[in-house]
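Colleague: First to last, the sequence lines map onto chains A and B. All residue numbers for the first sequence refer to the working numbering, where the first residue is 1 and numbers rise by one. All residue numbers for the second sequence refer to the working numbering, where the first residue is 1 and numbers rise by one.
It should be emphasised that the hints constitute simulated quantities derived from the structure, not laboratory data. Do not take every clue at face value.
Using 16 Å as the maximum straight-line C-alpha spacing, the simulated EDC-like pairs for lysine to aspartate or glutamate come out as follows [said to hold, decoys possible]:
id: 1; chain 1: A; residue 1: Lys76; chain 2: A; residue 2: Glu101
id: 2; chain 1: A; residue 1: Lys76; chain 2: B; residue 2: Glu47
id: 3; chain 1: A; residue 1: Lys18; chain 2: B; residue 2: Glu24
id: 4; chain 1: A; residue 1: Lys76; chain 2: A; residue 2: Asp41
id: 5; chain 1: A; residue 1: Lys9; chain 2: A; residue 2: Asp47
id: 6; chain 1: A; residue 1: Lys18; chain 2: A; residue 2: Glu101
Owing to the predicted nature of the structure, the values given are computational and were not obtained by experimental measurement.
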Amino acid sequence: METLNYRHKAPQRAKGSKRQVIVGVVASGNLEVLAERVLPDSECEVDIRTAAEGFGEIWQAVVADFVERRSPGGLKFSINDGGARPDTVALRLAQAVSAIEGERT
Amino acid sequence: MIAVVSETSKDHDDASVSTSSWYEASARQRVEHLLDANSFNEFIGPEWRETSPHLPLFDLPEQFDDGMIVGYGRLGGKPVLVAAQEGRFMGGAFGEIHGAKLTGLLRAARDMASVPVLILFDTGGVRLQEANAGELAIAEIMRALIEARLVGVPVVGLVGGRAGCYGGGGLIAGCCSALAVSEQGRISVSGPEVIETNRGVEEFDSKDRALVWRTMGGKHRRLIGGAEVFADDTMASFRDAARYLIEHAPSMSLSTLESEQSRLAQRIERFGHCSDAVDIWRSLGAAEPENLPALHYREFAALANDLQEPRHDAR
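Bound conformation, chain A alone:
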């Protein structure tokens, strides 16, 4: 297992008022993302525990791209990863933001 943590400044606060959502499951090639509205509006944190070691650079790039696209200010993301591909990770992160910003989970 490898633990990774990334903190970013986010220009905008994530919309909505929902406190938390969880999407995905921990399985081979899949991951779960727990998003919690616990940070100041201009900050974002992604905390990762992954079964696939040695992919820190790719995680860093996927997370940076995600923060730039979605500006999830105020959200902390906690990830348990079962070795998902970068495109799956990007989709799950986007799904988590959509869920916490929307009315329905």
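Fit chain B to the known structure of chain A by using the hints.
Modeller: Relative to chain A, chain B alone:
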């Protein structure tokens, strides 16, 4: 007993949700669509991070809810307690935390003595990495389940997930007041691979999917009285089945156990000589037993009502 034909579900207007697959859904989706809209409240949710203490020792990933979701909500306006297993995480297997959450839910049900429990099974059995803790969890769950039933709480199992309901999950299902199963659901203790490994391929060929399904699958379980209701693989059908079974769950007493014992004795007497499920279906009076696996939900549900061995108020 009557098979539950699904009516339009009034509490979920969205038709696509009602007809969406139970088998394909995650545990959280099943809970959400089984209960009245927005009525679910989770106990020890993922934000508590009550994860397995054992998996890190094996350098394996954890899941924040340890694959078990427990909470309360409403079904048709009435309160229910719910537990749902996520079959895609570790095969839905029982570990220490996973099991403790269900034990706690059942003990709460026992103490309240008035709120029914729904268990959404999706499990291969005990998690091998937590062997002893998992086996203890199964024993604690069965005790808590029986204690809840003894004070009059209906405990209804719903089986239709990817992992089926195997190992200790099969034992717990056997303790329930009543079960609903879909065609995709499988209920057994030893799984196909376990039987083949221990007894050889001639005893049971685990690669023969048709054999696996006609031996452990939902249709067969329904026909031999192992499940009370045959559900379609939809949210609405499982919802209707759950409501029906809560209302019709038999109570738990010495006479319940005695009649179950005599039902099982009669089953052996009647079907003990059969070497394949098809022989059993023929003995039950099915005109074309070979064609049973191909029947659609409504045809099969109707046939099962005619064929099922005489009911006893057992379990």
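Colleague: Give a verdict on every hint.
Modeller: Taking the hints in turn, this is what the structure says about them:
{"no.": "1", "hint": "A:Lys76 - A:Glu101", "in the structure": "holds (14 Å)"}
{"no.": "2", "hint": "A:Lys76 - B:Glu47", "in the structure": "holds (11 Å)"}
{"no.": "3", "hint": "A:Lys18 - B:Glu24", "in the structure": "violated (26 Å)"}
{"no.": "4", "hint": "A:Lys76 - A:Asp41", "in the structure": "holds (11 Å)"}
{"no.": "5", "hint": "A:Lys9 - A:Asp47", "in the structure": "holds (15 Å)"}
{"no.": "6", "hint": "A:Lys18 - A:Glu101", "in the structure": "holds (7 Å)"}
This entry does not satisfy hint 3, going by the numbered hints stated previously; all others are met.
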